[in-house]
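Trainee: Sequence:
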Amino acid sequence: MGKMKGAIVVNIERCKGCTLCIVACPKNVIALADRKVNTHGYTYVEAVRPDDCIGCASCGIVCPDGCITVYRKKVED
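Numbering-wise (my numbering), the sequence shown opens with residue 1 and increments by one.
Simulated from the structure, these hints should not be mistaken for lab results. Mixed in with the good hints there might be a few duds.
[Unchecked claim] Straight-line C-alpha distance at most 27 Å; calculated DSS-like pairs for lysine-lysine:
| hint | residue 1 | residue 2 |
| --- | --- | --- |
| 1 | 74 | 5 |
| 2 | 27 | 73 |
| 3 | 3 | 74 |
| 4 | 36 | 3 |
| 5 | 16 | 74 |
| 6 | 3 | 27 |
| 7 | 16 | 36 |
| 8 | 16 | 27 |
[Claimed, not checked] Restraint-style ranges between C-beta atoms, simulated for each label pair:
| hint | residue 1 | residue 2 | range |
| --- | --- | --- | --- |
| 9 | 16 | 76 | 37 to 47 Å |
| 10 | 76 | 27 | 33 to 43 Å |
| 11 | 39 | 3 | 30 to 40 Å |
The structure presented is a predicted model; accordingly, all values stated were derived computationally and were not measured. A virtual CB, placed ideally from N, CA and C, is assigned to each residue, including glycine.
Please model the entire structure based on the sequences and the hints provided.
Mentor: The following block contains the structure:
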């Protein structure tokens, strides 16, 4: 039986840094970008521990602006 491997892509121009995705992530993959802002002046989120992502999609579900796309694949042992 294989494990699930995930990856997220954040649309940084749409992200307002509400941090709902950070709270929803069970693996602490997401964090606010350190001293970075988008063109609208918002601090956005980014994947700081991408190797720990399991592709659960909790972050994408709670994002009110639809900024996060979640990808997942099965990894054979």
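Trainee: All hints, please: hold or fail.
Mentor: Hints and how they fare:
1. In summary, the hint linking residue 74 to residue 5 is supported, as the alpha carbons are separated by about 6 Å, within the 27 Å threshold.
2. Distance check on the hinted pair: residue 27 and residue 73 sit about 17 Å apart at the alpha-carbon level, within 27 Å; holds.
3. Pair hint residue 3 plus residue 74 holds up; C-alpha atoms about 6 Å apart against a cutoff of 27 Å.
4. Pair hint residue 36 plus residue 3 does not hold up; C-alpha atoms about 33 Å apart against a cutoff of 27 Å.
5. Our distance criterion of 27 Å between C-alpha atoms is broken by residue 16 and residue 74, whose separation comes to about 31 Å.
6. With a CA separation close to 15 Å, the supplied pair residue 3 and residue 27 stays within the 27 Å bound.
7. At most 27 Å may separate the alpha-carbon atoms for a hinted pair to count; residue 16 and residue 36 meet this at roughly 12 Å.
8. Straight-line distance between C-alpha atoms of residue 16 and residue 27 comes to about 21 Å, which keeps the hinted pair within the 27 Å bound.
9. A hinted range of 37 to 47 Å for the beta carbons of residue 16 and residue 76 is consistent with their spacing of about 38 Å.
10. Against the hinted window of 33 to 43 Å, the Cβ-Cβ separation of residue 76 and residue 27 comes to about 21 Å, which falls outside the hint.
11. The supplied range of 30 to 40 Å is met by residue 39 and residue 3, whose beta-carbon atoms lie about 37 Å from each other.
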